[in-house]
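Could you slot chains B, H and F with the ligands onto chain D? The hints should help.
Protein chains in written order, with the numbering used here: chain D, 16 to 328; chain B, 16 to 328; chain H, 34 to 290; chain F, 34 to 290.
These aren't lab readings, by the way, just hints derived from the structure by calculation. Incorrect hints may have been included.
[To be verified] Examples of chain H residues lying across from chain F (beta carbon under 7 Å, computed):
1) Gly79
2) Met80
3) Asp81
A quick note: this is a predicted structure, and the numbers were derived from the prediction, not measured. All residues carry an ideal CB built from backbone N, CA and C; glycine is no exception.
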Amino acid sequence: MNRLNVELPGLHLNNPIMPASGCFGFGREYSRLYDLTRLGAIMIKATTVEPRFGNPTPRVAETSAGMLNAIGLQNPGLEKVIAEELPWLSQFAVPIIANVAGSVEEDYITVAKEISRQANVQALELNISCPNVKTGGIAFGTIPEVARQLTKKVKEVSEVPVYVKLSPNVTNIVEMAKAVEAGGADGITMINTLVGMRLDLKTGKPILANLTGGLSGPAVKPVAIRMIYEVSQVVSIPIIGMGGVQSAEDVIEFFYAGASAVAVGTANFVDPFVCPTIIDELPCVLDRLGYEHISECTGRSWKKDGQLAYHRA
Amino acid sequence: MNRLNVELPGLHLNNPIMPASGCFGFGREYSRLYDLTRLGAIMIKATTVEPRFGNPTPRVAETSAGMLNAIGLQNPGLEKVIAEELPWLSQFAVPIIANVAGSVEEDYITVAKEISRQANVQALELNISCPNVKTGGIAFGTIPEVARQLTKKVKEVSEVPVYVKLSPNVTNIVEMAKAVEAGGADGITMINTLVGMRLDLKTGKPILANLTGGLSGPAVKPVAIRMIYEVSQVVSIPIIGMGGVQSAEDVIEFFYAGASAVAVGTANFVDPFVCPTIIDELPCVLDRLGYEHISECTGRSWKKDGQLAYHRA
Amino acid sequence: MIRKELGKIISQKEIAADIYELTIRAELVEDISAPGQFVHIRVSNGMDPLLRRPVSISSFNKKGKQMTLIYRKSGRGTSLIAEMEPGMEIDILGPLGNGFPLDEVSIGETALLVGGGIGIPPLYELSNQLAAKGVHVLHILGFPTESAVFYEQEFSKNGLTIVTTDDGTYGRKGFVTDIIKELGFDCLYTCGPAPMLKAIEQGYPDKKVFLSLEERMGCGIGACFACVCQSGNAASGASYKKVCSDGPVFRAGEVLI
Amino acid sequence: MIRKELGKIISQKEIAADIYELTIRAELVEDISAPGQFVHIRVSNGMDPLLRRPVSISSFNKKGKQMTLIYRKSGRGTSLIAEMEPGMEIDILGPLGNGFPLDEVSIGETALLVGGGIGIPPLYELSNQLAAKGVHVLHILGFPTESAVFYEQEFSKNGLTIVTTDDGTYGRKGFVTDIIKELGFDCLYTCGPAPMLKAIEQGYPDKKVFLSLEERMGCGIGACFACVCQSGNAASGASYKKVCSDGPVFRAGEVLI
Ligand SMILES: Cc1cc2nc3c(=O)[nH]c(=O)nc-3n(C[C@H](O)[C@H](O)[C@H](O)COP(=O)(O)OP(=O)(O)OC[C@H]3O[C@@H](n4cnc5c(N)ncnc54)[C@H](O)[C@@H]3O)c2cc1C
Ligand SMILES: Cc1cc2nc3c(=O)[nH]c(=O)nc-3n(C[C@H](O)[C@H](O)[C@H](O)COP(=O)(O)OP(=O)(O)OC[C@H]3O[C@@H](n4cnc5c(N)ncnc54)[C@H](O)[C@@H]3O)c2cc1C
Ligand SMILES: Cc1cc2nc3c(=O)[nH]c(=O)nc-3n(C[C@H](O)[C@H](O)[C@H](O)COP(=O)(O)O)c2cc1C
Ligand SMILES: Cc1cc2nc3c(=O)[nH]c(=O)nc-3n(C[C@H](O)[C@H](O)[C@H](O)COP(=O)(O)O)c2cc1C
Ligand code: FES
Ligand code: FES
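Only chain D is shown next, with the shape it has when bound in the complex (with noise of 0.2 Å):
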């Protein structure tokens, strides 16, 4: 019996640990590691309508429990993602989250309709949330009608359904989740990063050439389960969790809180091989804990009783 499998809006998971988007590439690197159809799914790299080459270098720095990243959404552009990573990424047996960001409305339109049209390309990550971007960007993830409008035009053209990227940035993330599933969202992916900064002690400037840069790793995993845990009780679409996950005992607390899969990003850069070894742990944590089926673990935090599925422990 698979105790890991999961079904979520056009994805059919055998397990549900997926890299997250921008931490993975578009999977070359680490297939020279593992087999990359053990992974539930991968959310590749974001992709813009043209090539980005992001921000000038440095573009990490490292903080307490965390990194901050200012990679600008480098990337090769609609046209090459097309041509080339996707097609080499169809060798795998395993799902393509793709990952969608732009500056103007136009842009992630462009994207979703043709990205979406791919055939391994199973769901869209609309990317509303890039803290790294200074145009535009924003707005799609702070203003809930505005998040609407764009989910709604992007399902509208969308082959695929379509879950989007929440920001931790803002008052009220409840309200957000609310206006993506207004618009038609067939699911939400959150936690992005935090907006942080640091600086040299030298210089007393930033040591991100672009100033501020996203925050992520085990920090900020304290927030990413407040929020899913929030979102999770108000929305019934489902969510894919993040934010700091290291270990299958992290993954079972994002699904307790409310997730049901989960994405791995910083963590890669640890343990190249975190995700798969998750994979294999989870079982055990599975059965230390009591439970036939990871599912049973979705949204235990705030469930009655009464909606638990049944717990041997």
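Frame of chain D; chains B, H and F with the ligands shown alone:
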């Protein structure tokens, strides 16, 4: 020569280091460990009109490089603070910053009016940002106009300068800062804690009895630095920075970001002697980096060369 | 006086499954005032894990400036402590809190010490001191299972020692509370899981009972209000005690468990 | 193949002020393909510090499966590595990147190796291999000051070795770039601070020059786009190379420094 003294509205500080509100009680416990007059100032525990027992336990949970707390503003109430705590503190020649909290406007006004009249209270810290109190609080800390109004009313009754403590749980921290400045704030203190949650692996339920708690400690430092960097460039009132300070180097980083003094919270639990230790180490760090006086560091991250004070290095 | 100090690890060994006995030499041993006090241990030099871990002083020797702690390796912090080796330094804050009162039993009277699992360690120094004073000391020590049993012999030196295990794999099967009924005593001292303490408190309302509590802590010295419990004898809900500085030992009824 | 492995520390010693020489036995040594490759080291088991640290392989011995790294203790990560002792395990990922090309110089030709400070280590294996191949090897090693000088003798075994210090406390005072002018060479290999690399690149546009770059890294394997630099020969700004997987060694002009 004193290389650490700082002049702020209402506050003539021998050095810019003070324990953060809620992490030092009313000083009694730490007074047994070291001489409190070594501190630049003391931010005492939040005071409300009536005594508060606070939240049920567990009230704290550990996170990676941080902690969550949901104390819930436990305090003996205005009357006792005035009758017992402040007179006791008056034996020490150290400025007191009184943290003022409440659920409705009148609460803040009552506490501010009375407590600002106490001889050793040199400034107020208006706590509009406590994430652990269910009623009221939220709007004061997240809606600019509400914050401006409250600041204005408190200013009207306060005998001493008023610092407003900002919440990081907002989409736009700059708007909040401008609003409280417009309301007449003499200074800003930031940041309060980020709202977070941890779940118990065995039960699936939140570890904190209050469910959510405020995240503090090194994990949040990059967020604090970024917000101070943003705010200090648009307001002309001084900032007392906090959020993850553990060392003299951290203090310099906060100054670079734009702070004029620094509060230390969580680190007191890790090392109860952290404040005097930092004060002792600051001159060496200034030497190493080539500054005569710590005030030269303020805003170095964004000031143009012409705006910078003399720098030896 | 409370000190923060780098103590020196003298020895460390696993005395039962996941139960470690750690002996430390430190100046602060001189300041220990009663059995049942605790120290607050920093488990890493870095920022993760961040908070200190409270651990009771199980026994001490003022002349040699040594104290012994007994702890269960459970989470990250105690696992890190378990990795430390003799000769290494360990950052400790203490002694903290108020321990068990010795003057509540007189020579010739009987004290019953009831410990559950990892609540047993602080009772050991208490047992030693009571026995030295000439008090009859009886012990009931409850463990989950045979492999978790420790210090039976040590306690036995001071007086009758009854061991129970939840699963009956060693000693008597069942709860310590069942055994208490069989024994007479003038004063009862206990430390262990909250349900056990509660049962004992409720079972002997007319007896002298002292309980040592556990609560999640921040500062450990009384400043942060993390470890508060409600005062049992207060009408208003605003009356409270701090486990770290008013406790961890309380007279039964003093606080709500 | 890239492996992640717990290597075993064979020895570690401070060979100059804050400069450590660390020898590790690991299976991944078998996969090293060229001098100038690097490994990515995890410095703590915990979450802080979080990221790995890239450090060049200074020399290696495939038979003994040993490699030597030389690093400067500067920040938190390298300080933690410096605390490790022989017998301990160290979590390494590697070998990573592409090293220096050996086939760009032939027997009898002259190779000039120019290292600045902590850019010197990867040149050592290169020097050994070039010398073994029969290439004339010259070295210019620049250090900030006398106490920072290391490996002068080791390099001298392979060929003329000129040491400079910024402050003139040892060897010749001044910049390595001043000395390059005095020497003839067929191919130049260099690693060191960016300004030095830039000066060398600009000074010898017609020569074969290979530079090893440093950049802050995330993954170390080419997936995260943290360590990107712009391609020098591309018209469009969108053309780039990754230091970790396309480098760290580049032909002069291949990328913008
Ligand atoms: C006054 C006092 C005395 C104690 N004496 C002993 C003793 O002698 N021997 C012993 O084995 N244990 C004792 N404990 C419990 C001990 O503090 C915990 O087992 C320990 O903190 C667990 O840390 P961890 O990192 O291994 O677990 P984790 O679960 O990883 O800890 C996470 C956080 O929760 C806190 N925490 C977890 N469990 C407890 C607990 N039971 N009580 C308080 N905080 C907890 C930790 O301190 C830490 O902040 C005592 C607790 C208190 C309050
Ligand atoms: C390909 C490559 C090879 C290297 N080889 C060597 C070598 O052989 N010997 C040696 O001493 N050093 C080498 N370095 C530099 C070495 O990586 C840094 O000195 C080290 O990362 C500093 O870590 P820290 O924790 O001590 O410093 P911190 O300043 O505390 O580090 C903070 C963060 O910044 C990063 N960082 C800081 N300085 C550098 C740097 N110069 N390059 C890249 N990242 C940096 C760290 O990796 C970490 O993520 C190399 C760097 C690269 C990219
Ligand atoms: C280096 C890096 C690059 C990222 N690039 C993207 C991206 O292109 N698109 C996106 O939606 N999120 C991006 N993210 C955010 C992650 O997908 C993820 O939401 C976040 O890092 C939190 O998860 P983590 O703590 O596991 O890393 C990036 C994160 C990192 C660290
Ligand atoms: C246990 C605890 C209690 C706190 N109580 C208060 C409070 O009463 N009033 C307040 O304004 N902030 C309170 N704070 C927030 C701190 O003053 C500070 O803003 C925050 O912890 C960030 O700083 P740090 O990372 O140095 O702890 C509390 C923080 C902690 C950890
Ligand atoms: S732990 Fe801080 S008051 Fe008890
Ligand atoms: S460090 Fe990730 S691409 Fe080079």
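Results of checking the hints against the structure:
Checking Gly79 of chain H against chain F by beta carbon gives a least distance of about 5 Å; that is within 7 Å, so the hint holds. Interface restraint check: Met80 of chain H against chain F, minimum CB-CB distance 5 Å, threshold 7 Å, status holds. The interface hint given for Asp81 of chain H holds, since its Cβ lies 4 Å from the closest Cβ of chain F, which is under the 7 Å cut-off.
Comparing the model with each numbered hint stated earlier shows that all of them hold.
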